[in-house]
Each structure stands twice: as C-alpha cells, then as structure tokens.
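Take a look at the letters that make up each chain.
2 protein chains.
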Amino acid sequence: MKGYEEILKALMEMAYEQESLRKKQEPELKIPLGISNRHLHLSQKDLDCLFGSGYSLTPIKDLSQPGQYACKETVTICGPKGSIEKVRVLGPVRPQTQVELLGGDHFKLGVKAPVRMSGDLAGTPGITLVGPKGTVVIQEGVIVAQRHIHMTPKDAEYFQVQDGDIVELEFEGERAGSYRNVIVRVTDASALECHLDIEEANAMNLTSLSLIKIIN
Amino acid sequence: MKGYEEILKALMEMAYEQESLRKKQEPELKIPLGISNRHLHLSQKDLDCLFGSGYSLTPIKDLSQPGQYACKETVTICGPKGSIEKVRVLGPVRPQTQVELLGGDHFKLGVKAPVRMSGDLAGTPGITLVGPKGTVVIQEGVIVAQRHIHMTPKDAEYFQVQDGDIVELEFEGERAGSYRNVIVRVTDASALECHLDIEEANAMNLTSLSLIKIIN
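Protein sequence lines correspond, in order, to chains A and B. Here my numbering runs 9 ahead of the position in the first sequence, where the first position is 1. Here my numbering runs 9 ahead of the position in the second sequence, where the first position is 1.
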C-alpha cells in the first residue's frame, strides 16, 4: 500500500506542477479599463486660433495609448443652451478637431451629439470653442464616443477577434449588466485597453481598476 | 374552386379579425422610464434644522409615483472633498433623511455611497447638509439608488413577477446592452415605472420617452 500511495502522490504533484507551468506560460489576459471624461482633440489651425499662432501643446500626462497625452490646455465649449468650462485638450494635434462629450452634456449645451467612433465625423454637429487667444466655431466634429477596445494583433489573436468586430462586454457586481455594440480596434501601436466614458463606467459601478471581460 | 377560395378567404379574415380583437383587448404593456438626478428626502426634524422650525415643503411638480413630488427647496451637500449645490428635495417628509447620489458624485464629494434600495440605510455613510437656516450632519443615509421598477399587483401579474424579484432589462440601439439586478417593487399605490439614474440612462442612450423591456 505504501508504494501505491507514494506513486499516487508523485503523480498528483506532477499534474499540479504541469498545470501551474501551463498557467504561467499562458496567463489569462484581462482587459484594463480606461475611463474618459469629456475632452477634445485640436487641429493645429484651431490650436493656433485658440491659444495663439504657432502654439505647441503642453503634455502633462501620458495616456495608455502610445503617443497620446493629456495637456495642460483646456477650453470652454459653448452651445446654444449653455457652456462647459475647463474641457481638457488631448494631444498630439490631429488633422481635424474633434469634441467628445458625455451623453448628459446634451442638456447643458443644447447640442445632441451622435454616438460615433473617433474620426467618423461626417454629418456630426458643430460647436463653439473659446480659448485664451480666440474663438473657433467648428462646423462638425462633436460626438459621443462609441464604446471600443484598443488592442494589438497579438491580443486580437488571443481574444479571437478582428479589427472592426463588434463584441459584448459583461459586468458582475451590484450594478451588473452588459454593453453591446463595442467595437474592436486593432493596430500595432495599440495598448490593450477598453474605453468607456464616465457615465458608462458609473452605470456599471466600474473604476479604473476594473478588468473587462468580452463574452462574445 | 371558387367555393373553396371564398371559404378560405372568409376564414383568413375571421382569423385576422380575431387576432386584432385580442390585441386590442390585451395591449402590450410597456414600462415608462423615470430618470433620476441626485436628490434627497428629509425628515421633519432635519427639514426644521435646514429651513426653520415648523417648515413645510413647497411642492412644484408631481412625480409619477402617487403622493410624491419635487419641491422648490434645494440644499447644498458637503463631503470631505467638495460640495454640490442646489440638490433637489423630494416630498413628502420621511421618517429618516436619505440622500441619493450619482456614482460620479463620489469623486466630487469624497463620499463613497453603496448601491441600496430606498430605505435600506443601515451602515451607509453620512454627509453634511446645508440649508438657508442651518446645517445638519447626518450619520447615515447616503446611497446610490438600486435600479428598480414600481408596479401594481395587476402589472406584476401581467409581467409574471413578484415583489422583491430581481429582473434584467434589455436595451436596443447604438448603445445597446442590459442591466441586471433590477428589483421589482409591487404596491397598490404604485404607478408602473422603471427608475434609473441619469448616468444609467445616458450610458444606454435612454430618454424620458424610452420604453423599457424586461427580458427575464
């Protein structure tokens, strides 16, 4: 009997060790959450108008997506019903100015922004931007950001998704639920991160420490 | 053949008419949506401290739940990190003061409120309330409201749910998804209405005209 027990114990240890090794080699990828407040991206032309000719943005904090940063600069956003002060500019400058609002800003500003992916600005409303050196009236570029996940081709392989795929996210806890229509964005220069805005995060009781799960 | 065709046509018309009649007799019940901003309910004692001895609330708008109303009165809510002005008082007075915040207010006030049903206040944090005639420091009573649906026993029979049941709501559209952990509240004095806060409504692109669907 002693012999059997020893063999059994040795086999169980081997199985346990093998499982541990496998887990170390393939750790489960969790998706970090980036929570966005309202913000805007500026073209160099609009930056010049708002902050002065030839102005350069002042980075104060790197964002998780490589090369993207929050800036010292803020502007006032004005709609027909009201305005919102100190809206943060994100850098670097882009070909076209883009204002990303929260759903609730509709009521403060009197501007109803459609849900769009970044850069998809055709037919979106305009708004007035006021900076320390001038005012810019943009004719389009106001959106509410569509939920999305940034990832590299390697992450996409892991999650078995492709650029442009629409996935669903599931959340546990007191404010459990799911978000559908979440678009996958795959580029070599991405860092794995799910982007929701603060209203979406609060509605599901999520924080910047929450880890996100794709369910289909 | 003419005879058969006529009989078939007559039968089809009868079937169609019967279906129309049935639909008219049992129209599908949709659940209206009530969207709450942060607000508070006051005890008479706390009302006296904030607005003066023997003060009576001034109703300005009936709410959908019978006997409930929004008041002219507002207070300032102060936490260790900041304050929020002009928070609406809802009437009538209640046995215990209750402050219902939005998830995002945590960061403004420095008070982290748990998700609770109205009245379930044991162990919740306190906060400071400032009115025109005085200040009240409540020791407990600050919550984020749990998603819930008010209905009558007749509605509950229609939806095949009971008081206290937990259901899931599903939403279509650009910001589609679902909310779980939605509690059903059945009383004779209810009006059929689903209560979400403005962050939950915005996260799913809902408005006060949205109609809500229970999926289980």
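Treat the hints with care, since some could be wrong.
Unchecked claim - Computed list of lysine-lysine pairs in DSBU-like fashion (alpha-carbon distance at most 35 Å, straight line):
id	chain 1	residue 1	chain 2	residue 2
1	B	Lys-121	A	Lys-222
2	B	Lys-70	A	Lys-117
3	B	Lys-90	A	Lys-117
4	B	Lys-95	A	Lys-90
By construction, these hints were calculated from the structure, which means they are not laboratory data.
So, going through the hints one by one against the coordinates:
1. At most 35 Å may separate the alpha-carbon atoms for a hinted pair to count; Lys-121/B and Lys-222/A meet this at roughly 25 Å.
2. For the given pair, Lys-70/B sits about 21 Å from Lys-117/A by alpha-carbon distance, which is consistent with the 35 Å threshold.
3. The suggested pairing of Lys-90/B with Lys-117/A holds, with an alpha-carbon distance near 24 Å, which does not exceed 35 Å.
4. Between the alpha carbons of Lys-95/B and Lys-90/A the distance comes to roughly 19 Å, so the proposed pair stays at or under 35 Å and holds.
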